[in-house]
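Top line first, the protein sequences correspond to chains A, B, C and D. So the first sequence is numbered by our numbering: it starts at 84 and just counts up by one. So the second sequence is numbered by our numbering: it starts at 84 and just counts up by one. So the third sequence is numbered by our numbering: it starts at 84 and just counts up by one. So the fourth sequence is numbered by our numbering: it starts at 84 and just counts up by one.
Think of the hints as simulated: they come from the structure by calculation, not from any bench. Any given hint could be a false lead.
Chain copies aren't distinguished; within one or between two, either way the pair holds.
Straight-line distance between alpha carbons at most 20 Å, and here's what the computed SDA-like set of lysine to any residue pairs gives [unchecked claim]: (1) LYS243 with VAL331; (2) LYS243 with ALA338; (3) LYS385 with TYR339; (4) LYS334 with ILE372; (5) LYS243 with ASP285; (6) LYS334 with LEU226; (7) LYS334 with ASP247; (8) LYS350 with LEU392; (9) LYS124 with ILE235; (10) LYS282 with GLU337; (11) LYS282 with ALA338; (12) LYS403 with SER345; (13) LYS385 with GLU342.
4 protein chains.
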Amino acid sequence: MSMRLGESIRTTLFGESHGPAVGALLEGIPVGTPIDEDYLKSELERRRPGSGISSLRKECDACEILSGVHQGKATGGPILLLIRNSDSRSSDYSFLPDQPRPGHADLPAMLNSDGFADPRGGGANSARLTVGLVASASLCQALLDEQNISIIAHVAAIGKIVSDKGPSILEDDEASQRVRCSDQKVAKEMLELVLETRKSGDSIGSRVDIEIKGLALGFGAGWYRGLEPLLAHALMAIPGARAVEFGVGTKTAEAYGSEYNSPWYLKGGEPTTDGDGALGGMATGAPLIIRLTLKPPSSIAKEQITLNLSTGEQSSLNVKGRHDPVLGPRAVPIAEATVKLVISDMLQRCKKDE
Amino acid sequence: MSMRLGESIRTTLFGESHGPAVGALLEGIPVGTPIDEDYLKSELERRRPGSGISSLRKECDACEILSGVHQGKATGGPILLLIRNSDSRSSDYSFLPDQPRPGHADLPAMLNSDGFADPRGGGANSARLTVGLVASASLCQALLDEQNISIIAHVAAIGKIVSDKGPSILEDDEASQRVRCSDQKVAKEMLELVLETRKSGDSIGSRVDIEIKGLALGFGAGWYRGLEPLLAHALMAIPGARAVEFGVGTKTAEAYGSEYNSPWYLKGGEPTTDGDGALGGMATGAPLIIRLTLKPPSSIAKEQITLNLSTGEQSSLNVKGRHDPVLGPRAVPIAEATVKLVISDMLQRCKKDE
Amino acid sequence: MSMRLGESIRTTLFGESHGPAVGALLEGIPVGTPIDEDYLKSELERRRPGSGISSLRKECDACEILSGVHQGKATGGPILLLIRNSDSRSSDYSFLPDQPRPGHADLPAMLNSDGFADPRGGGANSARLTVGLVASASLCQALLDEQNISIIAHVAAIGKIVSDKGPSILEDDEASQRVRCSDQKVAKEMLELVLETRKSGDSIGSRVDIEIKGLALGFGAGWYRGLEPLLAHALMAIPGARAVEFGVGTKTAEAYGSEYNSPWYLKGGEPTTDGDGALGGMATGAPLIIRLTLKPPSSIAKEQITLNLSTGEQSSLNVKGRHDPVLGPRAVPIAEATVKLVISDMLQRCKKDE
Amino acid sequence: MSMRLGESIRTTLFGESHGPAVGALLEGIPVGTPIDEDYLKSELERRRPGSGISSLRKECDACEILSGVHQGKATGGPILLLIRNSDSRSSDYSFLPDQPRPGHADLPAMLNSDGFADPRGGGANSARLTVGLVASASLCQALLDEQNISIIAHVAAIGKIVSDKGPSILEDDEASQRVRCSDQKVAKEMLELVLETRKSGDSIGSRVDIEIKGLALGFGAGWYRGLEPLLAHALMAIPGARAVEFGVGTKTAEAYGSEYNSPWYLKGGEPTTDGDGALGGMATGAPLIIRLTLKPPSSIAKEQITLNLSTGEQSSLNVKGRHDPVLGPRAVPIAEATVKLVISDMLQRCKKDE
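Can you build the whole structure from these sequences, using the hints too?
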């Protein structure tokens, strides 16, 4: 099982939810890149569970940087980012392996590994592993800043509550902060829905929208190293992802070419367009909008009926654990991190004309 | 620019739309795999333009197998699949590079390559390159058959005309055959819409649905080598792709966990589920449904207004060429080929417990 | 800078000699492989400085296994092997960066990294990094045992003292143990020479011979994934390596084909040969002999004259530090580890017919 | 079987000695690189059999460039280099598969491929495949010229006749030209020895020395992407290679550190050394000398006794074919090509600070 993302800048995740540690080995960060540990810390803090609508698992998520950094700068060698696990409660998973949870990868992972994988808390497939992703991406921020590339995400939909506003800095109010929707009014409705859903022991689906600005016209590559393929690849690995769309996405199926085609024009002397932010894998100069649909979290407080492997019959299952009623809010920093890693990787590759 | 797909079975596309040849170098096909040239030919025939609703470019698409095959079997060495171009009409592209087409990658590709790429007919970014993809995938069919894995696609939507039927063998009537929708009644409506659209000099969007059956429970891997990430990656490289969905896709955002979660049960003694065909990158035993949204073809017969780089002003452009009014029907064999290559690659990798 | 070895089984080294830690991220170990921590420990012990003829740096080299192992078996996920540095004396390197040591990579590494690499003790280029290599290889031993493949090395030459005996289990006497030569009589002479050399503040060159037994006829691959290319690649990365030879190596230049060609014959019903253990990248069934020449350690107690970058003139340099008078003895476990990783990687790859 | 060399500039060989074609798919050549077809042609001519001391097989070796080049410049896409086979005489190989040749990879290759590989003329393992290598390398020359890097090889030893002169432009006399030794006097002796050897139906070993000049101090990388590891890897894949040495190579084993260490000094204001051209994978500014030992060609005119697989007994074998009495002279352009590809690949990688 390869848990590596990227080719020029490579992030290899490691660890298990209830093992001793998680983290990432980050390779390819250019020599001399400043390493901002405070920013790393604040990004991990943002990813951390703890707000009212997320899991109660408490991890201090202290990240050690154990190699590849000297006097605050990247040396060019692999950077080991290590985060010890502390608050795992393995007893919550005593139903495994007999009763694989519905909607979770427990059973596939068990068969995939001939029973040798650590099943507790999802093992290596747990969203806990995204802490290494967020830590790695935070170290790429300097590379993006250098090119004036901005990447920002927010929660655009929870259930049937949808915002048409694009991602931007969150307002200061509680709802905006907790659901991470940049549309203050909609955020309130979302928070209400989430709290209600949680109260009923249920969970709900959501959508995260991501906007990339500042990619130079022509940035990227055709075919399998293009923007859309590489972004779709990385984003679909976020736990719970079920769809990824570019621009207006699925609505494109209904469009006519005469309306959809967006002419090129000059803006500040540079050619650009108002249409898709990427065409054929390469940037057009327009903002690149990506939509990521996330399913309702599979762990719910309600009793569920599922197969008991030891008896071969279905029986009821109560998943205790500490889980999120909705994935979107916590997925915001993870989606941002994922996109940052993909774009940074491509940036490095572009330097050598490949 | 890397035009390679896969790691264990690797397909590297090469060629330009109006250059001397296109094709693929296919690596990793296991020694002894039977090579069925007739099937290769029939698959290329299926990809070929020529039906009433597609481009009039006529390529005989004779494919030479120039290495890696001995006495009808794969030797284990790289297989060179070469298709000469014959019917390219470069004069149709005399508007380039001055007037990059709206919706096409002409301008990004030009800047991406500092002006050195062959711009004619989209150059290396042309859908013409998918001929190498289809040829390669046809040689993987034997590997899929061995595992009883079936992969089938059809056109599920054109404009607002949508079929709820899944992909299956096409009926024999003209409409089914031309639009490649397995829903005979809907196919008729689709054909009408397409012909009308074409008549008006316009183009229209579409959606292709793909169904993968026969993946063993647990097949795949977590994270970046999982089913969803690798399939999304490869499918988003199909020219015109704008969204990729798994299972019910974007509708998942509206679902509650209590409904969405699909319990495991025994079917013929094997655990399975009625829900998603893949969870966390691994197969669940249920059919895996993928939806691919394709934009309306960017080349339309209608006059378009776009930037003229030589003057810096917008002016009108009439794209002659020979183009398709809708991408879906021709994308069916291309989407199937793409999925076949991804699954074959994963199959090979699974053999070594990775 | 990529510090990764292997494709199917991948070892990525990390760390710096005087940084907080060294180690390796080991990927691709098949699920269910038993993890023998005692063997890991004993191999690290064997690599450790401490005998009379090696560096006095004392590292307890306690290795933590922080991921990819569950209940004593490999889960299939990346295995993080972490060893904290404890006994580094950075003050010994106060002459850097002004006075790069002759024969060391100090100056090239400094320019390679625009001055950002950690120069202390050779930084990421230090032989200290081989601790991760040895730890990783110890976990591959189970894979080799399964195939009855044995890999053993010994010191075949120090200065002009050469043994014609192949590698085998070391005798129990002090000389054999300290110089790691399996030829008891020669070992004594070697030890004397080394002690004398050390006394005079000098260092001396050496040669390590490695024997691989048990590779099945046909094991390997042609061209760039063949036995000789992959072994030469990995072995030439061992600090101080200057030549790698297969079979009789450089003496082949003087041979006539009529003598050198070694006919095939049946042995126990299986074809084999008495000649080279590998031909064209593939095993012949005969033992595969590899010779690795190592230069005299560059750090010597004698005063040396070298460039002072701050003045632009040559001046004298006394390298304190704690160094080995000869590389061979300590290179024995490192060469074995390197070969084990290469062969294990190839073994995994063979499983999928590539 | 992967026949790919390089990561940033990738050469994938394909073809079989007696199949329809050989060649290479060359990826990663920067956009805009001028493509000099005349130089390509002259390099292939230099590799071609035909001088008095080499095989009589006559291949016109016309190389078609079928993709990746537009208006004489690289587009950035994969470059397909195709050479049709024409003069293969498969009847010469009627002894296969029953009587595998001694010293050849016939038998290992047969077992490696479960009998599916094309055995004629060595199939995909034939030195015939190096034509794709030489063609690819010729297209990298422009990248090396840009950096003032020169790579030159010559025959330094045949049997016991050894030249101490380094590689340089060959003199015009017949002997120098035929044996490709830059030491005119020694070349004469070599030619005599070769002709004599050939007359007696035998073959003889040789050594090729390669000199790389112009690598900037610090060029390269540590560990597995270093100069020595990557060069050793690629050179050991040249058919017949048995040893690769850097600098004084195997003689290093006898050296004392106090003599061997070569101090840094300023030369034209730049630091350099008179010692090894590479240390720890990185260039020192001194010329990098590599020695490649090649075995005597395994195909000889003399009768040989070897195993007959159909009878299980040894019997006599007369290999007809058209073969070389010594590998060195023809290996000169192949070794140069190999080194050019490795250095060009590293050059591209350096651009992105990896």
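Status of the hints after comparison with the structure:
1. Proximity of LYS243 to VAL331 under the C-alpha cut-off of 20 Å is found in both arrangements, the shortest distances being 18 Å within a copy and 15 Å between copies.
2. Proximity of LYS243 and ALA338 under a CA criterion of 20 Å is satisfied inter-copy only: 9 Å between copies versus 23 Å inside one chain copy.
3. Only between protomers do LYS385 and TYR339 lie at most 20 Å apart by alpha-carbon distance; the minimum there is 12 Å, versus 45 Å within a single protomer.
4. Taking the shortest alpha-carbon separations for LYS334 and ILE372, both the intra-copy value of 14 Å and the inter-copy value of 19 Å come in at or below 20 Å.
5. Taking the closest pair of Cα atoms, LYS243 and ASP285 come within 20 Å of each other only inside a single copy of the chain (15 Å); across copies the shortest separation is 34 Å, beyond that limit.
6. With identical chains, the CA atoms of LYS334 and LEU226 are never at most 20 Å apart, being 34 Å at best within one copy and 36 Å at best between copies.
7. In the homo-oligomer, the alpha carbons of LYS334 and ASP247 lie at most 20 Å apart both inside one protomer (14 Å) and across protomers (17 Å), since each shortest distance falls under that limit.
8. Proximity of LYS350 and LEU392 under a CA criterion of 20 Å is satisfied inter-copy only: 13 Å between copies versus 63 Å inside one chain copy.
9. In this assembly of identical chains, the alpha carbons of LYS124 and ILE235 lie at most 20 Å apart only when taken from the same copy (18 Å versus 47 Å across copies).
10. For the homomeric pair LYS282 and GLU337, the shortest alpha-carbon distance between copies (18 Å) is at most 20 Å, but the shortest distance inside one copy (39 Å) is not.
11. For a Cα distance limit of 20 Å, the shortest separation of LYS282 from ALA338 across copies, 16 Å, qualifies, whereas the shortest one inside one copy, 41 Å, does not.
12. Proximity of LYS403 and SER345 under a CA criterion of 20 Å is satisfied inter-copy only: 18 Å between copies versus 51 Å inside one chain copy.
13. For the identical chains of this complex, LYS385 and GLU342 are inter-copy neighbours only, at 11 Å across copies versus 47 Å inside a copy, given an alpha-carbon limit of 20 Å.
In summary, the structure is inconsistent with hint 6 from the numbered list given earlier, while agreeing with all the others.
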